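Peer 1: What follows is the residue order along each chain.
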Amino acid sequence: MNKIFLDHASATPVKKDVLDEMLPFFSRDFENPSTVYDRGMEIKDRIEQERARVANLVNAKEGEIIFTSSGAEANNLAVKGAALARPKKGKHIIVSAIEHHSVLNSARFLERQGYETSFLNVDKYGLVDLNRLEDLIRPETVLVSVMHANNEIGTIEPIREISEITKQKDVLLHTDAVASLGNIEVDVENLGVDLLTISSPSIGGPKGVGALYFKNNMRLMPLIHGGIQEKGRRGGTENVPGIVGLGKAAEIAKKELFQKEKNLTQLRDRLINGVLDNIDKVRLTGHPELRLPGHASFCVEAIEGEALIFMLSASGIYTNTGSACASKALKTSPVLIAVGTPEDVAQGSVVFTFDTSNTQQEIDYVVETLPIVSARLREMSPIWNAA
Amino acid sequence: MNKIFLDHASATPVKKDVLDEMLPFFSRDFENPSTVYDRGMEIKDRIEQERARVANLVNAKEGEIIFTSSGAEANNLAVKGAALARPKKGKHIIVSAIEHHSVLNSARFLERQGYETSFLNVDKYGLVDLNRLEDLIRPETVLVSVMHANNEIGTIEPIREISEITKQKDVLLHTDAVASLGNIEVDVENLGVDLLTISSPSIGGPKGVGALYFKNNMRLMPLIHGGIQEKGRRGGTENVPGIVGLGKAAEIAKKELFQKEKNLTQLRDRLINGVLDNIDKVRLTGHPELRLPGHASFCVEAIEGEALIFMLSASGIYTNTGSACASKALKTSPVLIAVGTPEDVAQGSVVFTFDTSNTQQEIDYVVETLPIVSARLREMSPIWNAA
Amino acid sequence: MYSEIVMDHFANPRNVGEIQNPDGLGQVGNPACGDMMAFYIKVDDNKLSDIKYKTFGCVAAIAVSSIVSEMANGKSLDEAKQISKKAAAEALGGLPKEKMHCSNLGAEALVKAIEDYESKN
Amino acid sequence: MYSEIVMDHFANPRNVGEIQNPDGLGQVGNPACGDMMAFYIKVDDNKLSDIKYKTFGCVAAIAVSSIVSEMANGKSLDEAKQISKKAAAEALGGLPKEKMHCSNLGAEALVKAIEDYESKN
Ligand SMILES: Cc1ncc(COP(=O)(O)O)c(C=O)c1O
Ligand SMILES: Cc1ncc(COP(=O)(O)O)c(C=O)c1O
Ligand code: FES
Ligand code: FES
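Residue numbers (numbering that gives the first Met the number 0), protein chains in the order written: chain A, 0 to 386; chain B, 0 to 386; chain C, 0 to 120; chain D, 0 to 120.
Derived by calculation from the structure, the hints in this document are not laboratory data.
Predicted model only: the values in this text are computed from it and were never measured.
Hints may be right or wrong, so weigh each one.
Here are the computed lysine to aspartate or glutamate pairs in the EDC-like style, where the Cα-Cα straight-line distance is at most 20 Å [to be verified]:
{"#": "1", "chain 1": "C", "residue 1": "Lys119", "chain 2": "C", "residue 2": "Asp22"}
{"#": "2", "chain 1": "A", "residue 1": "Lys15", "chain 2": "B", "residue 2": "Glu20"}
{"#": "3", "chain 1": "D", "residue 1": "Lys46", "chain 2": "D", "residue 2": "Glu78"}
{"#": "4", "chain 1": "A", "residue 1": "Lys87", "chain 2": "B", "residue 2": "Glu110"}
{"#": "5", "chain 1": "C", "residue 1": "Lys96", "chain 2": "B", "residue 2": "Asp44"}
{"#": "6", "chain 1": "D", "residue 1": "Lys80", "chain 2": "D", "residue 2": "Asp22"}
{"#": "7", "chain 1": "C", "residue 1": "Lys96", "chain 2": "B", "residue 2": "Asp37"}
{"#": "8", "chain 1": "D", "residue 1": "Lys96", "chain 2": "A", "residue 2": "Asp44"}
{"#": "9", "chain 1": "D", "residue 1": "Lys84", "chain 2": "D", "residue 2": "Glu97"}
{"#": "10", "chain 1": "A", "residue 1": "Lys15", "chain 2": "A", "residue 2": "Glu250"}
{"#": "11", "chain 1": "A", "residue 1": "Lys15", "chain 2": "B", "residue 2": "Asp28"}
The whole structure should be built from the sequences, with the hints applied where relevant.
Peer 2: Dropping the structure here:
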């Protein structure tokens with residue numbers, strides 16, 4: 000049986016071209032980029048080239064990229080780093096209710112340090128409430144953090160409109176672009192953001208690396224204090240092969256974006272229509288149009304997500320329920336609750352995320368299989384008869 | 000000309016066996032370990048096996064290891080994480096004067112959050128002052144951080160004696176074992192430490208990964224907040240290939256330790272004697288006996304380190320001056336100042352760190368070359384005639 | 000990771016279904032929490048002569064329902080009430096730590112069904 | 000990374016040495032800070048007829064001394080005083096940002112040597 004991988008938001012195989020560029024940096028060009036001799040300095044130069052490739056993907060300047068170990072670290076650095084570097088501006092931040100744990104829990108950390116957090120609500124499609132945002136901003140607000148697109152429901156947030164508000168009120172704006180990058184255009188100038196989170200594995204790069212865009216050398220309290228690496232903004236020996244991999248993946252992502260967006264939108268719509276037409280009592284989660292091209296997410300009533308995922312994987316279909324992180328936390332997805340999904344319905348969440356390696360045939364197989372698997376689980380569900 | 004690499008403290012080529020174990024995890028076994036389906040869970044299991052291999056290297060229990068992205072991150076997590084999780088115990092910490100930047104700057108960060116830091120002085124060999132430590136500890140002291148061995152001068156600190164004091168006074172003890180691990184025995188039980196920092200590249204593993212030993216599930220404030228990874232103690236998708244590489248490197252390090260220690264001690268003593276016998280006005284830095292087996296460090300009077308490093312590299316000898324991090328900070332090494340080296344002498348610092356790949360012939364070539372190179376630089380030095 | 004026994008019971012759950020006019024019915028859990036089980040029993044001569052169940056829940060919940068139904072079938076009511084969550088988990092070759100709570104539900108629902116029968120007889 | 004010109008001047012510094020009884024001597028820097036230069040000059044008909052120097056310092060400091068000595072040789076005192084740190088850095092094919100301050104030293108030491116000569120004549 001062929002494996003059909005439809006969980007690209009959680010991980011994507013490292014592309015061959017990417018791995019090939021990384022390989023020399025493990026054992027041959029292994030030197031520490033902080034060393035003074037020629038071979039170390041050549042590697043330092045290479046890091047700067049990679050910085051330029053990553054900057055280019057989001058239309059930033061080379062000096063506006065800090066390498067991190069993950070999207071989560073970049074989110075932590077953005078939220079904590081921006082706030083802790085500006086105690087005089089104030090101790091209030093605003094985050095949307097559907098942010099990734101790494102943003103939400105950074106906000107919670109700041110609360111322990113005397114900060115206050117306001118949560119920006121979303122509508123039933125997951126779109127943040129712009130009017131409410133205006134009301135929430137106070138003179139002492141340091142930062143607003145709203146993700147570019149949500150990983151669980153695929154909704155794309157109106158970051159440009161948000162940045163018009165934050166600019167006017169002189170508040171920093173951070174956006175987590177982990178889910179959107181490589182799938183739709185991500186341009187820091189167009190978006191008008193001050194900070195933007197990048198993750199390598201979600202654009203076909205290796206795990207263990209990520210990056211943060213920070214505008215114009217803005218002040219940031221380091222998260223990992225150390226030596227002179229990353230101009231003193233992040234300590235620790237650089238993950239050279241990882242950075243090279245991210246740089247190459249960024250280059251490829253830039254080149255393929257337009258075609259990918261087109262292809263994935265077709266696949267997505269095929270899947271959404273197929274599922275909604277063929278299964279009773281199933282709802283699309285997130286926004287029907289303002290959503291990521293490679294993202295289709297549903298709640299199938301009267302069944303539970305983990306059981307569904309396992310049944311699907313027994314049929315060769317690999318997909319996810321809720322966020323990769325939430326899935327083992329044994330809690331109803333906070334994102335689905337935030338968009339007003341009833342708790343029992345939220346249990347049946349299933350999220351399909353595609354890549355260009357996926358085909359129409361695969362989608363058709365899913366459209367065929369999901370109703371069968373759902374019916375099997377519903378047959379043994381005590382709440383299906385009731386429905 | 001053959002390249003003689005004698006800067007293993009800053010980086011070491013990833014061993015072939017290590018890279019071979021890592022490779023499948025880039026593109027084949029690429030799944031996210033947090034996913035619920037079988038392939039994700041298999042990778043999660045593999046991470047736990049690697050945790051056991053790393054624990055085994057330092058004689059810890061599997062559950063006592065957190066994976067990080069670097070030694071610097073582990074140092075940050077230890078110092079900030081232990082302190083911030085215990086505000087009620089007090090807001091005082093003690094660090095030695097010769098700690099790595101990642102410890103010193105973590106202490107400085109805590110100062111900004113209302114903590115107080117005491118610096119524990121060292122003698123001319125770099126050994127911390129045990130009597131002074133007893134005096135410095137107060138009821139509100141949360142943590143003492145003293146490195147196991149210093150990367151710049153090679154001195155091995157009396158951690159066991161320190162832990163007797165900290166245990167008696169009920170204070171947590173952290174040690175940075177980045178320089179010592181793989182070179183001498185590192186056993187958390189024997190040392191009696193509560194927290195211990197591990198770095199992958201310094202034991203032949205890949206860059207981009209490190210680990211922290213934390214005793215018995217002790218409370219730690221996360222540094223990178225996120226989801227459920229690392230039992231909620233560190234967010235971010237796990238660097239799976241990196242973790243596998245560190246695990247394999249740990250296994251090899253454990254197996255080779257005894258022989259390596261023996262071989263490197265011979266090479267070291269050959270180099271130290273050769274240099275001291277053949278060059279005038281050169282001093283060994285650090286302790287003559289209580290030092291790392293693969294570590295020989297000197298100050299050559301009347302010349303400057305960077306120039307020396309470049310001249311040596313032109314002769315095929317790759318080595319370092321000061322710490323890998325300090326080298327571009329354009330400041331006199333704080334470690335050499337702490338051991339009482341005059342500032343002008345400290346400029347001529349050169350640090351040789353070996354691995355088992357180094358040979359006696361290589362050492363002999365260095366013993367031959369260093370006097371020639373030093374003489375050339377001294378010839379053009381305006382302060383050499385004066386000496 | 001789930002054991003092979005868990006995966007087998009999940010993929011091929013034994014005794015799944017409903018009993019029309021059962022002698023006892025036990026229901027536990029809450030769909031809002033992601034798990035709910037209903038156990039249906041027939042009793043004959045103080046022994047469980049038939050057991051069926053329906054389960055809304057995760058892989059572990061379904062496997063636990065299945066194994067409990069097998070373990071209890073044919074047993075006396077008193078014996079069946081003794082089936083512990085530990086015994087169910089062990090019969091499944093173990094359960095992941097964070098899923099141990101699911102193993103509760105099966106035995107609980109069965110006990111409730113027996114108690115329902117006893118209260119009516 | 001250092002340019003090839005820097006590396007060449009570092010590996011083969013021109014005019015290095017001392018002049019016995021120089022017409023002018025200029026010294027800048029401090030060994031405790033890691034850099035010190037001494038420039039020795041001979042003056043003939045208001046022109047620099049010979050330049051030597053000794054340098055304690057980094058790769059950039061040595062290369063700067065060398066290039067400044069080359070640039071100044073044969074020049075009139077006034078011309079030589081005009082040699083800017085920028086010109087020295089450019090003649091070396093550029094210097095890393097954090098090393099720009101070294102490029103100061105060479106020109107400064109030369110100017111001091113000329114001033115020393117002028118103060119005595
Ligand atoms: C003693 C010591 N501690 C910590 C570190 C930091 O380790 P890493 O660069 O892996 O973050 C180093 C690196 O040189 C070190 O020498
Ligand atoms: C929207 C979003 N932000 C941040 C992250 C964290 O990224 P990483 O796991 O690379 O740290 C994720 C990961 O799933 C995500 O989906
Ligand atoms: S049924 Fe709740 S986690 Fe298993
Ligand atoms: S002489 Fe000071 S850094 Fe060049």
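Peer 1: Run every hint past the structure and note whether it holds.
Peer 2: Verification of the hints:
1. The hinted pair formed by Lys119/C and Asp22/C meets the criterion: a straight-line CA distance of about 9 Å does not exceed 20 Å.
2. A hinted pair counts as satisfied when its Cα atoms are at most 20 Å apart, and Lys15/A with Glu20/B qualifies at roughly 17 Å.
3. Distance hint between Lys46/D and Glu78/D is fulfilled; the C-alpha atoms sit about 9 Å from each other, no more than 20 Å.
4. For the given pair, Lys87/A sits about 17 Å from Glu110/B by alpha-carbon distance, which is consistent with the 20 Å threshold.
5. In summary, the hint linking Lys96/C to Asp44/B is supported, as the alpha carbons are separated by about 14 Å, within the 20 Å threshold.
6. Distance check on the hinted pair: Lys80/D and Asp22/D sit about 16 Å apart at the alpha-carbon level, within 20 Å; holds.
7. Proposed proximity of Lys96/C and Asp37/B is supported: the alpha carbons are some 17 Å apart, at most 20 Å.
8. Pair hint Lys96/D plus Asp44/A holds up; C-alpha atoms about 14 Å apart against a cutoff of 20 Å.
9. Taken as a hint, the Lys84/D and Glu97/D pair is honoured in the structure, with Cα atoms around 14 Å apart against an allowance of 20 Å.
10. Restraint check: the Cα-Cα separation between Lys15/A and Glu250/A comes to about 14 Å, which is no more than 20 Å; the hinted pair holds.
11. Restraint check: the Cα-Cα separation between Lys15/A and Asp28/B comes to about 14 Å, which is no more than 20 Å; the hinted pair holds.
Hint compliance for this structure: no hint is broken.
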